[in-house]
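Below, each chain spelled out in residue letters.
2 protein chains.
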Amino acid sequence: MKRILAADIGGTTCKLGVFTPELELLDKWEIPTDITDEGSRILEDIHLSFESKAGSHEYSTEGIIGIGIGVPGPVDFNNGILNGAINLNWTEQMAIAAQFESISGIPAIVDNDANVAALGEQFKGAGSGHKDVVMVTLGTGVGGGVVSNGMLIHGHGGAAGEIGHIYVDYNRRFQCNCGKKGCLETVASATGMKNLALNYYENGVTETLLAQQIETDSLSAKSIVEAGEKGDELALKVIDEVAHYIAVALSSLSAVTNPKYFILGGGVSRAGRMLIDRIEAYYRPITFPPAYENTEIIMAELGNDAGIYGAARLVKQFLA
Amino acid sequence: MKRILAADIGGTTCKLGVFTPELELLDKWEIPTDITDEGSRILEDIHLSFESKAGSHEYSTEGIIGIGIGVPGPVDFNNGILNGAINLNWTEQMAIAAQFESISGIPAIVDNDANVAALGEQFKGAGSGHKDVVMVTLGTGVGGGVVSNGMLIHGHGGAAGEIGHIYVDYNRRFQCNCGKKGCLETVASATGMKNLALNYYENGVTETLLAQQIETDSLSAKSIVEAGEKGDELALKVIDEVAHYIAVALSSLSAVTNPKYFILGGGVSRAGRMLIDRIEAYYRPITFPPAYENTEIIMAELGNDAGIYGAARLVKQFLA
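Each protein sequence line maps, in turn, to chains A and B.
For the first sequence, the UniProt record's numbering assigns the number 1 to the initial residue and increments by one for each residue that follows.
For the second sequence, the UniProt record's numbering assigns the number 1 to the initial residue and increments by one for each residue that follows.
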């Protein structure tokens, strides 16, 4: 039987999936990611795990159309090159697609994990039925992917869709992991929420339920959201500013790519309506009207499965 | 002989071109745009002008692969609908492609004029040889187009590539034609330069070569650039701020679409190196390093011919 395989490699686990050629999910499971010895066994482990399931899903190497692989690092998509993935202990450039092919004999296509998640949500999740979608993942950092006319945008060097690095904080208050200041990630991720809370606290907003956590350095995005739900002034200031900066980024994204949906995922997005309502309130007044008409800000639907759906979709788009 | 036709409709003239199927330009000429009677003769005039050249370029209706048409207004690309074009006295929605086809019997494809110019510069002009290019036209307003993997990005409703409406001025000082405040166009077009000059003048920067022009309401972007070249303080403040806001927009565009080239065109871009050097100086320090690596800011090359080249290219992409 013809099958499409998908793997979403994370720092702790790899999510694996087997799909029909029509992209129906037949099975999914997880294996631990073995990052010892510079992550040298990761691809082999994935291949062996798929082999062990071949019997139950009636496939053989010959019947596999291809495998899509999502990796947690920057990918030069056109050349199938991963420029390192810190969480996997992959420190060098790697020709990932070629390596997997030589291990398994299966054609492989590789993209960044945030991109494959965006593609998964676009075709199977919250964006289903629409070809123009932007996904924004608000977690420890801010990731994302831009799908235009049903295809991921990669750009010249594969750095497109790096929504977390849209420049929004003109005051450049906080250092970003990328080396710059002012990135969306510094003011809208879990880390960004803590940055803002500490900044307000140090500037005199000290009447807060979060005072003890701030003093003991145990502050979390979750506790800020919870304090906000109780009406805490500092927490609400933080959530309001997070929403403002996200709205600025969505406004830019609208003028540039005019998506039907902004799909929000990741831990910070669990602030839910409190956050989305504020983003909406800032977004529309600063956005070109034809570019936000019919655009909606919605929550992601596939959770951790988005990656394998998107990786399978890539196989269908490029290897089928 | 097989031919591709192209028309770039402007408020004063229509640029017309005849191309080979390989997109070599055989001939180009202009006809006046007759906007009387609600512009009802524009499409007919274009058709007749092409018919009059049929003999000299050895084509007949049957040999024409298609015509690409650029129009000065917002286009719903997927449906071939123009949502009005003020400069042509076209006040209503028009199914332009279908109308031209019924007049001429020739398959037509229609896009916004800024988009076709971007596509023309990408494949034949300054962007030649690269598939990921953003064009920014700095004129009376700010227009643009985003080409990703060789294709124009249109978005859900056709409002993608509206670079002039990226939100950059958080102080929202000046009203934009779109109804909002803070758009790039309000601080980086010819109009935007005047906005900024008047704003500085009113706020006390009155020692300027431009004082008389400001007082007599005869200020122009050209005179601001000329005063800047003479070292005028107010003019240099304006040019510096224009460059900063353009850099902010290019930074967003890099994180979202990661182009190889930013191609600058339009009258304001004739400020040349004085402007580009300042944009460069602001752009790189605020941009995600992998997204600006190998990216260059360059000048457009095709001038008024960009539109017909891009329109012909659309025929090749969608009708050939």
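I should point out that these hints are in silico values taken from the structure, not numbers from a laboratory.
Everything numeric in this text was worked out from a predicted model, so none of it was measured.
Don't be surprised by glycine CBs; every beta carbon is placed ideally from N, CA and C.
Watch out, some of these pointers could steer you wrong.
[Claimed, not checked] Output of the computed footprint for chain A on chain B, the stretches with three or more beta carbons under 8 Å from beta carbons of chain A:
no.: 1; region: 145-151
no.: 2; region: 155-162
no.: 3; region: 258-268
no.: 4; region: 284-292
Hints and how they fare:
Requiring three or more residues with a Cβ within less than 8 Å of a Cβ of chain A, the coverage given for the region 145-151 of chain B holds, as 4 such residues are present. Residues of the region 155-162 of chain B lying with their CB closer than 8 Å to a CB of chain A number 8, which satisfies the three-residue condition for coverage. For the region 258-268 of chain B, the assignment as covered by chain A holds, since 3 residues bring a beta-carbon within under 8 Å of that chain's beta-carbons and 3 suffice. Restraint check on the region 284-292 of chain B versus chain A: 7 residues with Cβ-Cβ distances below 8 Å, three needed, restraint holds.
In this structure, every one of the numbered hints holds.
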